[in-house]
Amino acid sequence: MEKNLCDYMLEPDIIAATENVMPDLNNDLVLAKNFLKQQSAATGDTLYDHLVDVVQKILSQKPPDVVEHFEQYSWQVKQEKFRPNFDLLNDVYLSPPQLAVVRRMEEMFRLVKSKAEKAEDMDEEEQELDLEEDNVKPRIADLIDSNYYFKECGFGLPDSECYAVYIALNMLAIKEPVSTVRFFGKIYGTKENYYVAETELTLEELDRRIREFELKDMPGEGEGIEEGQMQVAEEQKEMLGEGEGKEEKPKEPVPPKLPPEPVSTWQPPPEIPVERPGQGVNKKVFWVCNHPGEQWICLPDVTPDQIRVARLTVRCMTGNLDAEVQSFPPFEGTERNYLRAQLARIQAGTSVSPQGFYTFGSGEEEDIDLEEGGGDLNFNPNPFYHGHSMKDLLDSSLTYWVHHGRHILKQGRTLWWNPNAGMVSFDEGEEEEEDEGPPPLEPESGPPLFTSLSEDSRLEGMTAWSVRSSSSLTPERAVAALRSNLWPGAAAFATSGQKSECMYIGWGLKFDPPNYGPAQLPRPQDEYPIGPEVMEMADPTFADEEAYRIAHLPPPPPPVLEGEGEEFGEEEDEED
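Be aware that the sequence shown starts at 1, since it is given in UniProt numbering, and climbs by one per residue.
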């Protein structure tokens with residue numbers, strides 16, 4: 001019941017207290033805050049702290065319809081308090097993986113942009129001086145234009161990836177001493193992929209590498225001579241030691257004489273020399289990276305033995321250049337060497353172009369430039385090439401398509417090397433009647449440059465190349481596309497004008513019509529020559545042993561005669 005004035009009149013103490021208390025807003029807030037900070041007897045929490053946590057969670061997440069989900073946020077805050085926070089990385093910021101890619105691409109774009117702005121700000125005279133100092137500006141193949149035609153044929157790279165790779169090729173031309181840059185292709189890997197750039201070095205860098213190559217071979221010969229001299233000296237010391245030992249009396253009993261130990265007559269085949277930089281399989285220099293914008297890594301020169309083993313091996317790339325290559329026969333080197341060998345094989349088999357697109361020399365002179373060693377021809381784009389009709393390019397016989405990749409011989413070289421060149425042979429007029437040396441070997445030869453694709457061998461019922469048109473509705477704008485069946489992933493295009501290019505995007509493996517079978521282990525060699533010294537013999541029987549014993553008994557003493565004994569006795573008596 002409500003109290004009336006009479007009731008207050010009956011309570012004078014209450015009236016006196018209300019008269020002395022004045023309204024104060026700050027005091028009311030403090031009292032309210034203290035009331036909210038009262039701790040719970042069960043958990044020890046306060047309503048004030050709980051409301052602060054709930055408001056902070058809502059402001060950090062900013063969800064829609066806060067009023068409808070307020071109770072849910074309050075319940076989540078209570079659950080988090082009962083759960084111990086053992087995760088110390090809860091508030092640590094982890095950058096997404098895309099951020100590293102963006103920063104790498106941004107650095108690459110800034111480098112190329114600054115170089116382009118510098119070239120624009122320079123005057124013509126300064127540009128001429130700069131070209132004289134840097135010799136020639138690197139020529140970069142237009143990947144964006146070529147990729148457009150490849151995409152018309154259902155091949156090539158996505159536009160974003162193609163643009164990033166093209167900028168990366170420009171970065172390679174800025175940082176490295178190269179004269180030409182071309183995108184060779186993309187090699188898939190089990191963990192990461194490889195982007196491959198094919199380049200030619202500047203004259204100064206090529207001369208420097210040739211000098212290093214020649215100096216590397218010279219100490220090898222000296223080391224071989226020194227090792228031979230050391231072996232001869234050790235043999236002489238051993239002989240002298242044996243002679244001194246014979247003069248002294250042996251302190252130990254002499255062991256029985258044993259047959260001489262067999263000596264191996266096997267000799268390793270001569271090592272095939274490596275083609276020098278700028279020649280044969282090492283004419284081009286390849287650079288690889290796993291992602292556009294990363295540092296380009298130069299692959300080493302390939303050796304004939306690496307190409308020989310790569311032909312007998314089927315192995316996918318991993319994306320790690322330092323990965324071990326486990327194969328039989330054993331491969332000398334890591335994945336960077338194996339990748340270089342596969343690139344040399346792909347380049348030799350899939351570098352194709354329309355007939356007349358390339359020509360020997362510069363195209364203006366009729367002479368042919370031969371490098372040292374003979375047979376290694378230089379060729380350049382033909383300035384007088386005007387293209388072929390689309391009907392000729394799409395001909396199924398492929399007569400108008402040629403190879404411009406150098407054929408690799410079985411030796412692993414493009415130029416044949418005679419293994420008997422350093423062996424001495426005697427003439428008929430000499431007095432010494434010794435071996436006349438090994439018989440002369442017939443040099444290996446392969447198809448020459450610009451051999452027509454119509455001469456390629458077939459692959460179990462199908463041709464080595466497949467050709468088709470990009471469009472049958474607009475023949476005047478169509479593109480002739482060529483795909484390799486021997487190296488899946490290799491393709492080339494040609495227009496009726498003056499454009500043609502080839503590219504490889506695949507696993508770096510060759511098509512093998514029968515199922516792959518690894519090379520078998522060689523037969524073990526005979527350890528000893530077959531003879532009575534090493535042949536096992538049957539144990540003799542008892543009868544054989546008894547016959548041997550009887551045959552080797554000592555002879556019986558001679559019998560004593562009767563007269564000889566008596567005369568001997570008489571002589572003794574006379575002496576006495």
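Errors might be hidden in some of the hints.
Computed list of lysine-lysine pairs in DSSO-like fashion (alpha-carbon distance at most 27 Å, straight line) [to be verified]:
#	residue 1	residue 2
1	LYS284	LYS175
2	LYS499	LYS410
3	LYS137	LYS410
4	LYS57	LYS33
5	LYS33	LYS137
6	LYS499	LYS191
7	LYS283	LYS499
8	LYS186	LYS284
Estimated spans, in silico, between C-beta atoms of each pair [to be verified]:
#	residue 1	residue 2	range
9	THR318	PRO381	32 to 40 Å
10	ARG208	ASN380	19 to 27 Å
11	GLU212	ARG311	23 to 31 Å
Please keep in mind that the hints were generated in silico from the structure rather than gathered at the bench.
It should be emphasised that the depicted structure is a prediction, and the values quoted were computed from it without experimental measurement.
Don't be surprised by glycine CBs; every beta carbon is placed ideally from N, CA and C.
How the hints compare with the structure:
Proximity of LYS284 to LYS175 is assessed by CA-CA distance (about 18 Å); at most 27 Å being required, the pair is judged to hold. Distance hint between LYS499 and LYS410 is unfulfilled; the C-alpha atoms sit about 33 Å from each other, more than 27 Å. Taking the CA atoms of LYS137 and LYS410, the gap is about 38 Å. The hint is violated against a cut of 27 Å. Of the pairs offered as hints, the one joining LYS57 and LYS33 holds, with about 21 Å between alpha carbons and a cut-off of 27 Å not exceeded.
Taken as a hint, the LYS33 and LYS137 pair is broken in the structure, with Cα atoms around 77 Å apart against an allowance of 27 Å. Using a Cα cut-off of 27 Å, the hinted pair LYS499 and LYS191 is violated, with the two alpha carbons roughly 35 Å apart. Distance restraint check for LYS283 and LYS499: the Cα-Cα separation of roughly 24 Å lies within the 27 Å cut-off, and the hinted pair is therefore satisfied. For the hint linking LYS186 to LYS284, the alpha-carbon distance of about 17 Å falls within 27 Å, and the restraint holds.
Distance hint check for THR318 and PRO381: the Cβ-Cβ separation is about 36 Å, which falls inside the suggested range of 32 to 40 Å. As the Cβ distance of ARG208 to ASN380 is approximately 24 Å, the hint placing it in 19 to 27 Å holds. Checked against the hint of 23 to 31 Å, the pair GLU212 and ARG311 passes, with Cβ atoms roughly 28 Å apart.
Checked against the numbered hints above, the structure violates hints 2, 3, 5, 6; every other hint is satisfied.
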